[in-house]
Amino acid sequence: MNFKYQLDKSSKKYYCPNCNKKTFVRYVDTQNQHYINAVDGRCDRESKCGYFKKPNNNKCVTSVISGNTFINKPTYHKASSVLQTINNCNTNNFINYLRQHFVPIDIKRVSELYKIGNTNYWRGDTVFWQIDNHRKVRAGKIMLYDCNTGKRIKKPYNHVNWMHKKLNLNDFVLQQCLFGLHCITKQESYKTICIVESEKTAIIMSIIFPSNIWMATGSKSNFKESLLLPIKNRQIIAYPDKSEYKAWLNVCSQLNTKGFKIICSKLIESSNINDGDDLVDICLENLTK
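Using the working numbering, read the sequence shown as starting at 1 and increasing by one per residue.
It is possible that part of the hints are untrue.
[Claimed, not checked] BS3-like, lysine-lysine: derived pairs with alpha carbons at most 25 angstroms apart:
1) K186 / K136
2) K136 / K108
3) K186 / K232
4) K154 / K166
5) K242 / K141
6) K246 / K186
7) K9 / K224
8) K191 / K232
9) K53 / K4
10) K266 / K48
11) K220 / K266
12) K246 / K266
13) K155 / K12
14) K154 / K136
[To be verified] Computed Cβ-Cβ distance ranges for the label pairs, DEER-style:
15) F209 / S11: 19 to 25 angstroms
16) N120 / D275: 32 to 38 angstroms
17) Q6 / F209: 33 to 39 angstroms
18) I105 / K261: 30 to 36 angstroms
19) R99 / F209: 17 to 23 angstroms
20) N286 / N120: 33 to 39 angstroms
21) D275 / K9: 26 to 32 angstroms
22) P230 / S253: 18 to 24 angstroms
23) K9 / Q84: 20 to 26 angstroms
24) R99 / I36: 45 to 51 angstroms
For the record, the hints were derived by calculation from the structure and aren't laboratory data. Even glycine gets a Cβ: it sits at the ideal position worked out from N, Cα and C.
Use the sequences and the hints to build the structure in full.
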């Protein structure tokens, strides 16, 4: 649905009214593209802050003539845009991090499977393409990692952007799908689908446990029915980050009443790791012992 007020889809961030960190996404009026105020919006620090204030009377924008709600269809990237990003990964910080832990043949396999790319938006960046179950390219998320630690670069600001912004596709309608959704096939319908939050984690776990299909939501809030519908009839195990178990378990319980078959793993929640850490932190710690 098209609502009158929507969260700003640009990369701009403001100071959060709650935690005072520059991680606040404000609401814009879709009819004039102006910010509505300084307090309605969502903080990106979903776990550590959680501030989320929606505008009052946020109604659907409807046609004056017919009274029908306008539903924008998603825009797709061209396949050529994907190919242009996967030619040279020698300067890709994330790929260079993987080389510290895994053999070249495994890195090559997952790089080709997930279409891992890079751009010149930030030196050493990575683009994670969201390709749906119909092989349509929904989005390209650009992120920057430290090549030594594998951690995201968040200072002096959070290095996250989108390919449609980089390519100046101003009318691009972003409708995300699960990262790795294109990996499902009828021939491998017996495989369990494992869902994590981070694209990085999905890729690394695909190296460590290739017998499963690994996908990522890209954010805590993207673990929801609309993104999971294409895999409704599959066996699913969800691995929420540390401290997110209750939130994801609640979603699993609701979806299982609608015919989904999702197990919410408590493995990470029960582990002695920091809040916000995930499956990779457990596995790599064991691999390096």
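Holds or violated: K136 and K108, Cα atoms, limit 25 angstroms. holds (22 angstroms)
Keeping to a limit of 25 angstroms between CA atoms, is the pair of K155 and K12 held or broken? holds (15 angstroms)
Is it true that the C-beta distance of P230 to S253 lies inside 18 to 24 angstroms, as the hint says? Roughly 20 angstroms apart at Cβ, these two residues keep to the hinted range, so it holds.
Take a look at whether the Cβ-Cβ distance between K9 and Q84 falls inside 20 to 26 angstroms. holds (23 angstroms)
Is K191 close enough to K232, meaning Cα to Cα at most 25 angstroms? holds (14 angstroms)
Within 25 angstroms, alpha carbon to alpha carbon, are K186 and K136? holds (17 angstroms)
Within a Cα-Cα threshold of 25 angstroms, do K9 and K224 meet the stated pairing? holds (19 angstroms)
Hint consistency between K53 and K4 [alpha-carbon to alpha-carbon, up to 25 angstroms]: holds (15 angstroms)
Are the Cα positions of K220 and K266 separated by 25 angstroms at most? Roughly 16 angstroms separates the two Cα atoms, so the pair holds.
Given hint K136 paired with K154 - CA-CA distance at most 25 angstroms: With Cα atoms ~30 angstroms apart, K154 and K136 exceed 25 angstroms; violated.
Measure nothing beyond the straight line between the CA atoms of K242 and K141; if it is 25 angstroms or shorter, mark the hint as holding. holds (23 angstroms)
With 17 to 23 angstroms as the target window, see if R99 and F209 comply at their CB atoms. Cβ of R99 to Cβ of F209: about 20 angstroms, so the range 17 to 23 angstroms holds.
Consistency note: the structure conflicts with the earlier hints numbered 6, 14 and 15.
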